[in-house]
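Each chain, written out:
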Amino acid sequence: MNRLIVSPSPHDENYTKTSTIMLNVIIALLPALAAGCYYFGLRVLLVTAVCVISCVVFEFLCRKMMKRENTIGDLSAVVTGVILAMNLPVTLPLWIAVIGSFVAIVIVKQLFGGIGQNFANPAITARIVLMVSFPSAMTNWVAPFWYKTADAVSCATPLGLSGTTNEYRVLDLFLGNCGGCLGETCALALLIGGLYLAARKIISLAAPLSFIGVLFLLSLFYYDSFDYALYEILAGGVFLGAFFMATDYATTPISRKGKIVFGIGCGIITFVIRQFGSYPEGVSFSILIMNVLTPYIEQLTRTKVLGAKEAEKNEG
Amino acid sequence: MKKLNGLKLNHRKNTENSATVDLPVPKHVKIPMSMHMGAPCQPLVKVGDTVCVGQKIGEAEAAFSVPVHSGVSGKVTAVTDYQTAVGSVCKAVEIDCDGEQTISDEVKPPVITDKESFLKAVRESGACGHGGAGFPTYIKLNPKTPVDTIIINAAECEPYITADYREMIESPEDVINGIKYIKDILGIKNAKLAIENNKPLAIKNFTEMAANDDTIDIVTLPSSYPQGAEKVIIYNSTGRIVKEGELPSDTGVIVINVSTLAFLYRYVKTGMPLTEKRLTVDGNAVGEPKNVRAIIGTSFREILEFCKTDIDAVKKLIGGGPMMGMSIPDLDMPVVKTSNAVLAIKTYDERKTSNCIRCGRCVNVCPLGLMPAEIDRAYKIKDIESLKALKVMLCMNCGSCTYVCPANRKLAETNQLAKALIPRK
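From first to last, the protein sequence lines are chains A and B.
Going left to right, the first sequence walks through residues 144 to 459 as my numbering numbers them.
Going left to right, the second sequence walks through residues 16 to 440 as my numbering numbers them.
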């Protein structure tokens with residue numbers, strides 16, 4: 144007699160797995176990584192490799208020690224590693240990168256229950272921890288193509304220069320020909336990656352567009368100059384943050400309305416920190432703050448259910 | 016009008032051009048006394064009795080039920096306890112067939128003069144919804160509030176199934192005359208025949224047939240799952256919203272499956288009750304997928320053998336479509352009134368369930384706008400207030416959320432479990 148499998152419906156499934164999604168994110172990060180290599184040399188690959196390997200190893204060890212099922216196969220640790228690397232300066236000592244991976248994977252992700260359970264973006268939090276702990280190493284910027292010259296030329300980031308006469312041209316910012324973290328400078332490459340993810344329906348453009356849009360509009364009103372507004376959105380980590388970190392599933396709202404609120408919040412906070420704060424860059428903080436607000440945004444932006452009646456008021 | 020979410024599925028309507036084949040009369044049938052929602056029937060026959068085709072063999076006193084009829088002539092060999100696919104226990108009448116198919120003299124066209132006698136006849140026909148859920152038809156056709164529109168559900172949005180499509184292609188007259196008849200007898204002003212756009216031939220035929228009748232509207236719906244779900248098809252063909260806790264008739268609509276309607280029309284003409292069903296037989300273990308007309312009580316094994324199925328390789332048997340059909344635990348279980356397809360599957364890979372990554376795919380596909388990921392979370396901590404606020408009670412278990420989940424979480428199942436946590440008033 145056949146022993147038939149009995150299970151609840153549906154009996155069909157589509158074959159998009161968590162690892163498929165993560166693989167697509169990795170693919171989307173490749174153009175920016177390639178741009179990083181072009182501008183900052185092959186050490187980009189070394190830093191990235193160290194971050195990825197240490198993230199995966201930390202995830203593996205952590206799950207092992209917690210006696211939980213191994214999850215490195217879902218590739219999310221690889222994604223965290225790549226995004227973390229893209230948030231670091233190319234000159235960063237490798238041991239500091241390893242500390243970053245530890246913060247991202249062990250403290251932010253696994254201690255809260257692993258994939259999907261963390262309330263803050265691992266890479267962003269790690270970047271902030273490193274920035275506070277190793278401020279000089281984390282701001283040791285070099286000029287593009289430094290590897291071709293005899294001595295490394297230190298250089299300021301576009302935001303460090305903002306407001307002075309010595310600014311980059313907007314086109315250079317768009318192409319990434321400026322100082323900054325190894326994966327954040329080339330807005331074009333990040334845009335390509337972001338659009339790829341949107342085309343594959345892996346991310347929604349609601350958060351990135353409202354993030355960049357609000358920052359652009361606020362800058363436009365503040366400076367009253369179109370060029371300055373463009374400068375603001377192309378400089379620093381806006382594109383990396385908007386397309387790859389403000390779209391992180393676990394730490395941003397699910398509903399479309401929630402995503403828009405999240406993006407607007409990021410835009411406003413980034414603008415405020417940049418203009419009035421003591422840090423030149425505010426993208427990381429803005430995303431972290433909005434991560435913390437996400438559960439509340441989520442509660443206020445639930446989807447409307449067809450035919451649902453308003454909940455009856457509880458008496459008393 | 017806001018567009019509802021839906022899934023694009025691979026239709027796999029492999030049998031759409033296969034004309035219905037009569038399955039040979041089986042040697043033995045087992046007819047359960049409970050085949051759909053409602054009270055089970057009590058057998059009217061005992062071991063040794065001779066029965067004929069169309070003879071009533073089960074009846075319930077409860078209002079929310081319909082009688083059961085024999086589809087074969089022969090001798091009753093046993094009246095046993097039987098566990099249905101949903102797990103409830105009822106009686107089942109087993110009959111050895113004599114192959115004569117002698118028709119009972121109970122079978123004669125019902126005398127119908129008005130709405131009441133029509134509804135009585137509908138109950139006597141043993142009709143319940145042919146689409147899958149199996150709501151007793153005579154109750155559906157007798158709503159408490161006035162109805163101005165009847166929707167004939169011909170969406171057939173589940174993959175594989177072509178049983179309703181074949182009904183429309185093979186008996187278009189029964190469908191169109193049935194629409195006219197039911198409109199007149201129930202005094203309903205408008206009828207809408209709602210068909211998914213993956214059945215262009217049916218749409219063309221019926222548009223021509225209904226061309227000179229402006230009370231019959233042929234509605235073309237996009238192929239999007241679950242287009243045939245009652246609330247979805249009402250919204251998409253009339254723009255009306257069935258509110259929480261209300262029935263379709265509260266918005267002035269009733270929905271009836273196209274095959275049920277065609278059956279009713281034939282019953283009114285001939286008096287032959289519901290004793291056979293058209294089934295789509297498909298799935299990757301089936302050698303020759305086709306549509307068969309099987310007598311209720313025939314075992315699935317017999318149908319699968321008829322369609323050249325590799326019986327030993329079957330790992331999973333599904334009664335109905337792959338999205339909402341029910342797992343059948345045993346190959347020897349019989350065809351029931353709600354059967355419209357049987358899928359025999361030989362590949363089954365159990366994927367592990369992992370953490371929710373909050374990708375929101377479930378939210379983006381739910382036709383009703385529920386948030387299965389949030390319900391899943393609230394269910395885990397048994398947060399009943401949140402479950403109520405998330406409106407889990409409205410879930411119709413279409414399975415879209417489970418289907419798209421990359422972490423393979425059984426969200427639709429969780430919704431049903433969560434419903435059980437909410438105290439009933």
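To be clear, the hints were calculated from the coordinates, so they are not data collected in a lab.
Beta carbons: idealized from backbone N, C-alpha and C, even for Gly.
Misleading hints may appear alongside valid ones.
[Unchecked claim] If you want the ones that stay clear, here's a sample from chain B, every Cβ over 10 Å from chain A, calculated: (1) K28; (2) L38; (3) D111; (4) Q116; (5) T128; (6) N157; (7) I203; (8) D228; (9) T253; (10) E259; (11) I333; (12) S342; (13) S369; (14) G375; (15) A404; (16) K406.
[Unchecked claim] Quick list of in silico lysine to aspartate or glutamate cross-link-like pairs, DMTMM-like style, CA-CA up to 20 Å: (17) B:K403 / A:E156; (18) B:K284 / B:E185; (19) A:K447 / B:E400; (20) B:K425 / B:E365; (21) A:K452 / B:E74; (22) A:K447 / B:E259; (23) B:K23 / A:E441; (24) A:K160 / B:D265; (25) B:K361 / A:E156; (26) B:K123 / B:E74; (27) B:K397 / A:E441; (28) B:K135 / B:D199; (29) B:K204 / B:E185; (30) B:K90 / B:E76.
To see whether the hints hold, each was checked on the structure:
no., hint, verdict
1, K28, "14 Å, holds"
2, L38, "21 Å, holds"
3, D111, "22 Å, holds"
4, Q116, "31 Å, holds"
5, T128, "38 Å, holds"
6, N157, "23 Å, holds"
7, I203, "22 Å, holds"
8, D228, "31 Å, holds"
9, T253, "14 Å, holds"
10, E259, "5 Å, violated"
11, I333, "5 Å, violated"
12, S342, "4 Å, violated"
13, S369, "6 Å, violated"
14, G375, "4 Å, violated"
15, A404, "6 Å, violated"
16, K406, "4 Å, violated"
17, B:K403 / A:E156, "28 Å, violated"
18, B:K284 / B:E185, "17 Å, holds"
19, A:K447 / B:E400, "17 Å, holds"
20, B:K425 / B:E365, "12 Å, holds"
21, A:K452 / B:E74, "39 Å, violated"
22, A:K447 / B:E259, "13 Å, holds"
23, B:K23 / A:E441, "27 Å, violated"
24, A:K160 / B:D265, "42 Å, violated"
25, B:K361 / A:E156, "15 Å, holds"
26, B:K123 / B:E74, "18 Å, holds"
27, B:K397 / A:E441, "19 Å, holds"
28, B:K135 / B:D199, "16 Å, holds"
29, B:K204 / B:E185, "27 Å, violated"
30, B:K90 / B:E76, "25 Å, violated"
Of the hints listed earlier, those the structure fails to meet are numbers 10, 11, 12, 13, 14, 15, 16, 17, 21, 23, 24, 29 and 30, in rising order.
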